[in-house]
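Participant: Sequence:
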Amino acid sequence: MREYRTSRVRAQVYLEIMFITIRILWERYVRIFWIVTSQTLENFF
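Under this note's numbering, the residue at position 23 of the sequence shown is numbered 23, and the numbers go up by one with no gaps.
Just so you know, these hints were derived from the structure itself, not from any lab.
Fair warning: there could be bad hints in the mix.
[To be verified] Beta-carbon label-pair distances, calculated as ranges:
id	residue 1	residue 2	range
1	7	30	30 to 36 Å
2	16	42	47 to 53 Å
3	36	3	27 to 33 Å
4	41	3	40 to 46 Å
5	43	6	35 to 41 Å
6	41	11	41 to 47 Å
Just so it is clear, CB atoms sit at the ideal spot from N, CA and C, and this is done for glycine as well.
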């Protein structure tokens with residue numbers, strides 16, 4: 001029972017770390033995409 005609880009807590013920690021990493025990468029990629037898109041639009045017009 002105790003091992004199950006610790007493994008469950010560990011899984012929850014892994015999930016939180018994964019979500020934080022995905023959010024950081026997502027924000028970074030969105031920022032890069034936004035910069036590239038704005039530069040491309042400026043070049044077009």
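Participant: Look at each hint and say if it fits the structure.
Facilitator: Quick rundown of the hints versus the structure:
{"no.": "1", "hint": "7 <-> 30: 30 to 36 Å", "verdict": "34 Å, holds"}
{"no.": "2", "hint": "16 <-> 42: 47 to 53 Å", "verdict": "39 Å, violated"}
{"no.": "3", "hint": "36 <-> 3: 27 to 33 Å", "verdict": "48 Å, violated"}
{"no.": "4", "hint": "41 <-> 3: 40 to 46 Å", "verdict": "56 Å, violated"}
{"no.": "5", "hint": "43 <-> 6: 35 to 41 Å", "verdict": "55 Å, violated"}
{"no.": "6", "hint": "41 <-> 11: 41 to 47 Å", "verdict": "44 Å, holds"}
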